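With the hints as a guide, dock the two chains, each given alone in a separate frame, to form the complex.
Protein sequence lines correspond, in order, to chains R and Y.
Residue 1 is where the first sequence starts when you use our numbering, and the numbers rise one by one after that.
Residue 1001 is where the second sequence starts when you use our numbering, and the numbers rise one by one after that.
These are calculated hints, taken from the structure and not from any lab test.
The model shown is predicted, which means the values in this text are computed figures rather than measured ones.
There could be a bad hint or two in this list.
Unchecked claim - BS3-like, lysine-lysine: derived pairs with alpha carbons at most 27 Å apart:
| hint | chain 1 | residue 1 | chain 2 | residue 2 |
| --- | --- | --- | --- | --- |
| 1 | R | Lys115 | Y | Lys1120 |
| 2 | Y | Lys1120 | Y | Lys1135 |
| 3 | Y | Lys1140 | R | Lys115 |
| 4 | Y | Lys1120 | Y | Lys1140 |
Now for the letters of each chain:
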Amino acid sequence: MTDPVELPAGVRDVLPVEAAELRALGDALDGAFRAFGYREVMTPLIELADVLDRAEDEGVGRAYRLFDDEGRVLVLRPDLTIPIARLVATRMADHPDPVRVSYNARAARPPSPGKIEGAEQRQAGIELVGPDGPEADAEVIAALSYALAAAGVPDARIAIGSVAIVSAVLDGAGADGPVRASLWGALRGRSVVDWRRAAEEIGAEGDLGEVLTGLPAMRGGRELLDRIGTAVPPARSECERLDAVLDCVARHGVAPPMVDMGVVRDWSYYSGVVIEAYAMGAMAPVAVGGRYDGLGARFGRPRAAVGVAVALDLLHHAVGRSAERPAAGIVLVGGADDLVADAVALRRAGTAVLAVASLHPDPDAVAVADGRGYVVRRVADGWSVRDVATGSDEILSDLGAGPWT
Amino acid sequence: MDLRICVPLGALLEGSLAAIAAVGLPVEPLRDAGRRLIVEVPGGPTYITTRPTDVPTYVESGAADIGIVGRDVLLEREPDVYELADLGFGGCTMSWCTPAGDDPTALAIERFGVVRVATKYVRCAERFFEGTGRKAEIVKVNGSVELAPLVGLADGIVDLVATGRTLRENGLVEREVLFESTARLIANRVSHKLRADVLDGLVRAFEAGGA
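Looking at chain Y on its own, in the form it has when it is part of the complex (with noise of 0.2 Å):
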């Protein structure tokens, strides 16, 4: 079928290998393939599989014809692509976090005029506290973004949270949603005209399947 998919390592690959298999595409040799990046499947598509956030930059580049990434992702990096399909799988928030006890957000707005953000998510950030009004610093960080409320780099945090353990466990409380996020599939402007009959046929499966 000479298709190339990019797959999400992480949190979403259980549930992309899922949703790939229920369209009837083989992922066997995918769960099997140990340290390969890249699985060839013969007379099958060809899986890419990278971090969340490249996902988007293969299919916009058209290194590979489509992908499965999260709305976050996507709202994050805006790529130039098609968004053809919510997957279902994969649901979790956006989420505007600071300590447990009084939210410090007001009072830092009405002291300082300002409230420091820590995030890895820097646009979806600046938009939603742009959007409420509200001026925001934004510090980029790059993991454990839990940490910094907690020793002072931020007021609170921007960030997915799915089952709100490790917010629990770090003493952060979900103040605001700035959106829902679940599994999206997007392909390449390109291979989107230029394959449309398989791309329209795997489309309406995944919607069956996903549904």
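Same shape as in the complex, but just chain R (with noise of 0.2 Å):
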């Protein structure tokens, strides 16, 4: 007996039906992102640690860390936003405002004991680098928005919050110190309780006070930015911007996202609007991002910049199985040796053959187990033609017009 072969924890292999269903995914998000000017880039799997470190980020805690042979500590990349803003900072520098790139790519974070989310990660985004406007959080918006209709989501709803707005509304409250730090720690634990607890601390009062308190579960329409730009004058501006944002995302045709105070992310770049995408069936949200105007700087070149990522396999949750059909082709018995000819002719005219030598045992298990249709073999007055799913045979003379297609 051999030993049990092994996986690293939290990482999985992906088959093909799954592969399928995820590359779909992916084409169809790529879709409406290259609708809206987005063009695909690539960085590398593994990055210098000093790329994190220069972010600053203490998201980037967790990350598979390793060494190359002059002792300079390396990463695998445990999101993609950081490599992106590297990339558009140094290697396209020079590219004229406003920069357009996607990608599709995985990220890698060591899994937590007892959490269900893998190591991997597959994330379709994209980072509008240049405009610093309303309009500029707006597109990322609607094209999110677009992706994942088109992803076969159209439900899906998006929240918007600002950490410029939550920044402003303490600032407005004179909470800095310890307390501003154990409300920014409440925020990012998802704690209303706790959040409440270290703003009463603060002890504002009237409707400063309503706001401060209230701010994390605070979630409706615009009418919200109104309420905290009045009850919180130096948020006032930042309450008009995302208003802006919302406005903007109107013209853009798609719903209205949901206003969410209580949306942050885990990440502390993000510095103005924050956005979550979410679906039924999928345990978390499908897809997060924002805006992150301090990052280019790290690397040298500073642009404002926001964008968002669709994590894959939990969109993958929440789209319904893909209508149970055999994939166009057929196994053609004997196109491995005796029919090698009337397989290439097949393969031109347009249909995928699987070829498989003439005395091969069972045609008809290998088109099950890759989900054809179809056992085709040389007869003498012609093809025939068994339909595996039925038993039923044909005889055709005309490969050209059988029922595959």
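Below is the structure:
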């Protein structure tokens, strides 16, 4: 007996059915992104740890680290936004504004014990670098909305918040030092209870007190922004900005996102609008993103930026199974030896041909295993075509008009 | 209403039922559930009953939309869920307890550089001793924690203390409080957004009923 073959914790193989579905999802998202002018870029799987250190982000803590043969620390990219920010700030430094890039790649983060989230995450996303106005935020939200619809989740719900509004409210309430830190901690930990405790310590009164204490639980429509802006004057301009984002999103013809002040991101590089999208069937947000204007400067080219990433594995859980239909194509008995020329001709004519040897013991099993509907054999008066699902045989004189096309 | 509510069995069960009843949801079917683990109320919510430590798992994964769980479990598990309300019941403290008499903690640190801690709450214990600048050797035990210091497995225990009766019966004394705990209402990240109306209404009702 051989020893059990193991994989590292948190990773898994992807077999053909899942791979095909993930590929289709990625293509659908990419199609929507391309319609907005985003072009795909690819960054290396490994980066120097220095790249992540420059981002100075506590979210970087969890990463796979390794050494090169000179003893320098390398990391497997735990996120795509930081590497893309590096790429745009260095290799595309001369590209005129705006820079629009997309990616469909994997990030790796060591699994936490007891969590369902895998160590590898497939992410398809966009980054819009250069423009700093609400129109740019709106474009990213609209592109996300169209992309999710294209992927088969038309009823996904998008929520937006703003790190800048939260920050301005804290300024307005005079929250600083340890209280401010515990408020941010409560918000990142998604604890409305802890937030409220910390907020009550500040002892703000009236409308300001109400807005401060209730902030992470405030959600609804744009009327919220008016309420916050009125109660906390230092937050007004950021509220007006988010209001302008909503206006512009509406002009893109997509459903209005929910305004939710409890939406924050785990990465602290976000500086303005923050975005999450939700779909039934996915246990966590299927897409996350936001504005991160400070990251470019860390790589020597300050430029405003906003982006969003779709978590393909989560999105996969939210889309229904594609209709059960055998894939196009046939299993051709003899296509691997006696009938290679026929296989070639069929492929040239556009039919996928899975070739097996003339003496293959069970071509039907191959057809079933690979999800093909028909097994074709050469017979005296033409071609015998077996429908694997029904087991019925049919004789055709010409394969050009088979039922599989 | 099609809402799935995860309810903890054990010490928080009675308080949870009372809190759920106070917001106007039917709990009688849950009381009469016998050994069933899932109780569907026609036209009402579906209740899922689990061990307290499993509540965050069900809610985090979306198998339940909301759940009731002690803060102790939240701090130990650190699940990625929304903590929406303090329900007020189930009050207790997470405490460091050692045998009666002189507290052995300081002596253990002085002589051996480390204090041995038996607990079910490994992360809470680690964070507490690290946070107070002491090195701890954590021994994970799954039940009858009080036994450990009595037979020399550890210097003391980190455990929940409600009435203190179990401690007294085993000759242990509460020395330091890590934190206070009560029952909390938690929600799945996606349910919290996709069912915003239902959940916001429920949270208001829980806060009105529980306070």
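Evaluated hints:
As the CA atoms of R:Lys115 and Y:Lys1120 are separated by approximately 18 Å, the hinted pair is consistent with the 27 Å bound. For the hint pairing Y:Lys1120 with Y:Lys1135, the CA-to-CA distance comes to about 18 Å; that is within 27 Å, so the pair holds. Between Y:Lys1140 and R:Lys115 the CA atoms are separated by roughly 19 Å; this keeps the pair inside 27 Å, and the hint holds. Between Y:Lys1120 and Y:Lys1140, the direct Cα distance comes to roughly 6 Å. Compliance with the 27 Å bound is thereby established for this hinted pair.
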